[in-house]
Amino acid sequence: MGSLPPWPVVEELLLKLVLPAFGTSAALFLLVCFVTRSVALRTMGGAAALAAGLAAGNYGHELLTWWPLDAEAFPQGSADASAVPWWQVARGYAALLPATVLALCGGAAAAVLSPRTHGSMGLAIRLLTALGCALWLSEVFPPWSLPVTIAVVFVAVSLSWEAVLQVKRIGTGRIALPVIAVIWGGTAATVLVFAHSAKFSDLAALLTAALFGVCLIAMIWNHSSGVFFAAPSVFFPALMLGGAVNTFSEVPPLAFGLVAFAPCLLWLVHLPRIRRWPLRFQAVAAIIAVTIPCVAALVLTMRAESLYFEAE
Amino acid sequence: MKSFLLLLAASSLPVSALRAADEHKLSGDNTTIKFTGTKKDGKHEGSFKKLDGTLSVDPADMTKSKLEVTIDIASMTTDDAKLTNHLKGPDFFDAKAHPKAKFVSKSIRADKDAKDKYTVTGELTMHGKTHPVTFPATTATADGTTTVSGEVAINRNDWGISYGKGKVDDAVKLNLEVKLKAKAK
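Residue numbers (my numbering), protein chains in the order written: chain A, 364 to 675; chain B, 263 to 447.
Hints were generated in silico from the structure; no laboratory data involved. All of these numbers come straight from a predicted model, not from anything done at the bench. It cannot be assumed that every hint is accurate.
Said to hold, decoys possible - In the DSS-like style, the derived pairs of lysine-lysine whose C-alpha atoms are separated by at most 30 Å in a straight line are:
{"#": "1", "chain 1": "B", "residue 1": "LYS296", "chain 2": "B", "residue 2": "LYS374"}
{"#": "2", "chain 1": "B", "residue 1": "LYS443", "chain 2": "B", "residue 2": "LYS379"}
{"#": "3", "chain 1": "B", "residue 1": "LYS362", "chain 2": "B", "residue 2": "LYS441"}
{"#": "4", "chain 1": "B", "residue 1": "LYS362", "chain 2": "B", "residue 2": "LYS427"}
{"#": "5", "chain 1": "B", "residue 1": "LYS287", "chain 2": "B", "residue 2": "LYS312"}
{"#": "6", "chain 1": "B", "residue 1": "LYS441", "chain 2": "B", "residue 2": "LYS379"}
{"#": "7", "chain 1": "B", "residue 1": "LYS427", "chain 2": "B", "residue 2": "LYS287"}
{"#": "8", "chain 1": "B", "residue 1": "LYS302", "chain 2": "A", "residue 2": "LYS379"}
{"#": "9", "chain 1": "A", "residue 1": "LYS379", "chain 2": "B", "residue 2": "LYS429"}
{"#": "10", "chain 1": "B", "residue 1": "LYS311", "chain 2": "B", "residue 2": "LYS374"}
{"#": "11", "chain 1": "B", "residue 1": "LYS301", "chain 2": "B", "residue 2": "LYS287"}
{"#": "12", "chain 1": "A", "residue 1": "LYS379", "chain 2": "B", "residue 2": "LYS301"}
{"#": "13", "chain 1": "B", "residue 1": "LYS368", "chain 2": "A", "residue 2": "LYS379"}
{"#": "14", "chain 1": "B", "residue 1": "LYS374", "chain 2": "A", "residue 2": "LYS379"}
{"#": "15", "chain 1": "B", "residue 1": "LYS441", "chain 2": "B", "residue 2": "LYS312"}
{"#": "16", "chain 1": "B", "residue 1": "LYS328", "chain 2": "B", "residue 2": "LYS301"}
{"#": "17", "chain 1": "B", "residue 1": "LYS374", "chain 2": "B", "residue 2": "LYS358"}
{"#": "18", "chain 1": "A", "residue 1": "LYS379", "chain 2": "B", "residue 2": "LYS441"}
{"#": "19", "chain 1": "B", "residue 1": "LYS296", "chain 2": "A", "residue 2": "LYS379"}
{"#": "20", "chain 1": "B", "residue 1": "LYS443", "chain 2": "B", "residue 2": "LYS305"}
{"#": "21", "chain 1": "B", "residue 1": "LYS326", "chain 2": "B", "residue 2": "LYS358"}
Model the full structure from these sequences, guided by the hints.
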């Protein structure tokens, strides 16, 4: 029962989810970079390219709907969506896609406005966006109450988002951030597939592929990729919370939490001693900082559970 | 699934074995609901251990009989513990978000050509969606116990349970068996 994923499963994931997400986001952002030299337009274009990558990968796999309506709003379990007003949208992991787009919009707006307001407006927009996403995506995680869960998600989102932006600001982000994206997303996908949810694992792979697409082009074009981390800063904490709440497995909640908070260790890179290192070493330190909680999460997960693919 | 199995049971109750307007409480003790999922190279079987509901039988007019059954999705068991966890998770039943499945009968019709055979129609709510279900049911009485049994295949996609399309078959077979003791007059 502890078998590895069979090749047809991996092949389908690559062809129908990873490649469309990566290819679409990379190609669109490349086009944007060719078309305009404006940093603001490239920032907004990159955010849109990432969202398009999510749409392309999700289209092939139909993991989530883009505007999920609240199931409880349907009269007597009716499937008639026209009976439910558009604003009665679902909460929790079902709303991951629209909430991620909201985060990208907030991140892009903050990035565009920040230089004109010495960063204060940008910080305010990011905090408001993080709060809105935490309110939208949080679901009750016993024994915590909903307000406590919302507060924890807000802290995870805000700390991760700001930590990534700090890494970008000190100049280590160009190479470190794409690597961090793969480590963070890869760990999330692994923990979730061990928790017996291929759907959640595929969602982690979807965002990782789309994010890596824009990060790769940003690295080649010497454009900041920090703004695009608005997406994983919201997506991964909420996805891991959804995994902890909705899956049935022996994977301990701590493993989900370690992945959700993984980028928070990036703040260690700002220790004065590390700040004196050459930039390339600081970049390595940033990658190691994220890797540590990810490895801990993987160890906890693999000690508690084994993979199950026979049923598929 | 459970609910429609229960419905099946209700529909097949022989009038003679039950008093007028008898109301029977259904539970995991007297009702078994099993399901069978198939794929290209095999199959898995499972069942639900917890359910509750009522079966009201009107012997004078079977079409007025009524069945309501609510199934606890988290009580699912299968032939493999890890498969059970996978089925209860977001890929399939999403038991945390949709903890209950419910079947409510709408009509029960006696078969004109065969004794103790009925056609049960009702609505099955599962995974947040409601769809009509119709299935044949039969009854048999022995030693004071009426056994109702039935079988139906549903398309899991109708209830939005579409994960693994192409690898796991869309049709899921459901089996119901209800054992009811006739009440003494």
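How the hints compare with the structure:
| no. | hint | in the structure |
| --- | --- | --- |
| 1 | B:LYS296 / B:LYS374 | 28 Å, holds |
| 2 | B:LYS443 / B:LYS379 | 19 Å, holds |
| 3 | B:LYS362 / B:LYS441 | 23 Å, holds |
| 4 | B:LYS362 / B:LYS427 | 23 Å, holds |
| 5 | B:LYS287 / B:LYS312 | 13 Å, holds |
| 6 | B:LYS441 / B:LYS379 | 16 Å, holds |
| 7 | B:LYS427 / B:LYS287 | 37 Å, violated |
| 8 | B:LYS302 / A:LYS379 | 21 Å, holds |
| 9 | A:LYS379 / B:LYS429 | 15 Å, holds |
| 10 | B:LYS311 / B:LYS374 | 34 Å, violated |
| 11 | B:LYS301 / B:LYS287 | 35 Å, violated |
| 12 | A:LYS379 / B:LYS301 | 21 Å, holds |
| 13 | B:LYS368 / A:LYS379 | 42 Å, violated |
| 14 | B:LYS374 / A:LYS379 | 51 Å, violated |
| 15 | B:LYS441 / B:LYS312 | 16 Å, holds |
| 16 | B:LYS328 / B:LYS301 | 35 Å, violated |
| 17 | B:LYS374 / B:LYS358 | 43 Å, violated |
| 18 | A:LYS379 / B:LYS441 | 48 Å, violated |
| 19 | B:LYS296 / A:LYS379 | 34 Å, violated |
| 20 | B:LYS443 / B:LYS305 | 33 Å, violated |
| 21 | B:LYS326 / B:LYS358 | 35 Å, violated |
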